[in-house]
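From just these sequences and the hints, can you work out the full model?
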Amino acid sequence: MMEAALIAQPRGQRRQVLGYLLSYLVVLAAWQLMSLRLGPTVMPSPLETARAALTILSTPVLAQHVPITIFRTVAGVVVSAALAVLLVLGARYLAPFRVFFLNAFYPGLRAVPPVSIALLAIVWFSLGTKAVVFVIVVTVLPIYLIALWEGLKVLDEGLLEMGYAVARNRFAVFRKLAAPMLVPTMFSATKLGFSVSFKLALVGELLAATEGIGYVMHAAQQEYKTHLVIAWTVIMLAVVVLVEHYVFNLVERKYLYRWETTKE
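Residue numbers 142 to 405, in the numbering used here, belong to the letters of the sequence shown in order.
Hints are supplied without guarantee of correctness; some may be wrong.
Have a look at the derived ranges for each label pair, beta carbon to beta carbon [unchecked claim]: (1) Val220 with Leu162: 38 to 44 angstroms; (2) Tyr165 with Ala252: 36 to 42 angstroms; (3) Val168 with Ala252: 33 to 39 angstroms; (4) Phe212 with Ala360: 17 to 23 angstroms; (5) Arg251 with Ser186: 17 to 23 angstroms; (6) Gly160 with Pro255: 34 to 40 angstroms; (7) Tyr165 with Val220: 36 to 42 angstroms; (8) Val202 with Pro254: 30 to 36 angstroms; (9) Met322 with Leu174: 33 to 39 angstroms.
Below, in silico cross-link-like pairs of lysine-lysine (PhoX-like), each with a Cα-Cα straight-line distance of 25 angstroms or less [as the list claims (entries may be wrong)]: (10) Lys395 with Lys332; (11) Lys271 with Lys332; (12) Lys366 with Lys340; (13) Lys340 with Lys271; (14) Lys332 with Lys294.
I should point out that these hints are in silico values taken from the structure, not numbers from a laboratory.
Here the structure is a predicted model, which means the values were calculated and not measured.
Beta carbons are placed, not taken as given, at the ideal position from N, Cα and C, and that holds for glycine.
Encoded structure:
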């Protein structure tokens, strides 16, 4: 039985690796066929894109612009999360603000198109980091608002009332009981918020910045260097995957999962 299981395990791993390789080969083959059909100006070949990516990686352009975009992304996520906490707490504990929050602020904020936000950001903040972060905050804020508001609604009210009966301090009850229970909700919202913020940073830099990855991609597109646009896209996909795997998944496995297991 054990020998059969040991033999089956490598076979399963080989099949999984083979499945991954076949998937990538199918994508590359389809990409190559599209390049042959549409032409290299419209759709560069995988080889040409790989060469462009290697060129980008070997020049200072990557180190110059990638940190700027990542900083704007992280800043937008942090500001969005902080504002969401303040707004949701105000809506929970202040009845007049709750009516405004649920009936006007949140629906209106969710309906504003990102392009309008970007154009207003240029008028209000000119070109640069402030404009890009503003676009991210206004667009990502609803993600945190709905996550926190729904998270508060499913909290154990009986446990919170017991805590208030003992502590007689709503802030202490929130800090010691409600806030820890909202950690998984905030973490999930942050994972989604980061990926959305990264895309918004590129769009914001395209419209409202003179540096950053979005600006560089826009400059390449203006010169009809499609191979550079796709190469930058591939590099950005790699950055997002690395952050997802080595930051979010690592935190989830080492800290969040352990915290939830201990709590149970």
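To see whether the hints hold, each was checked on the structure:
1. Take Val220 and Leu162: their Cβ atoms lie about 42 angstroms apart, and the range 38 to 44 angstroms holds.
2. Checked against the hint of 36 to 42 angstroms, the C-beta distance between Tyr165 and Ala252 comes to roughly 40 angstroms, which is consistent with it.
3. Range check, Val168 to Ala252: about 36 angstroms between beta-carbon atoms, so the 33 to 39 angstroms window is met.
4. Judged by the Cβ atoms, the range 17 to 23 angstroms given for Phe212 and Ala360 holds: they are separated by roughly 20 angstroms.
5. Arg251 and Ser186 have their C-beta atoms about 41 angstroms apart, which leaves the hinted 17 to 23 angstroms range violated.
6. At roughly 37 angstroms, the beta-carbon separation of Gly160 and Pro255 lies within the given 34 to 40 angstroms, and the hint holds.
7. Here the CB-CB span from Tyr165 to Val220 is close to 37 angstroms, well matched to the stated 36 to 42 angstroms.
8. Judged by the Cβ atoms, the range 30 to 36 angstroms given for Val202 and Pro254 holds: they are separated by roughly 31 angstroms.
9. Against the hinted window of 33 to 39 angstroms, the Cβ-Cβ separation of Met322 and Leu174 comes to about 52 angstroms, which falls outside the hint.
10. At most 25 angstroms may separate the alpha-carbon atoms for a hinted pair to count; Lys395 and Lys332 meet this at roughly 16 angstroms.
11. Pair hint Lys271 plus Lys332 holds up; C-alpha atoms about 22 angstroms apart against a cutoff of 25 angstroms.
12. Among the hinted pairs, Lys366 with Lys340 is consistent with the structure: their alpha-carbon atoms are about 21 angstroms apart, no more than 25 angstroms.
13. In summary, the hint linking Lys340 to Lys271 is supported, as the alpha carbons are separated by about 16 angstroms, within the 25 angstroms threshold.
14. Between Lys332 and Lys294 the CA atoms are separated by roughly 21 angstroms; this keeps the pair inside 25 angstroms, and the hint holds.
Hints 5, 9 from the earlier list are contradicted by this structure; the remaining hints agree with it.
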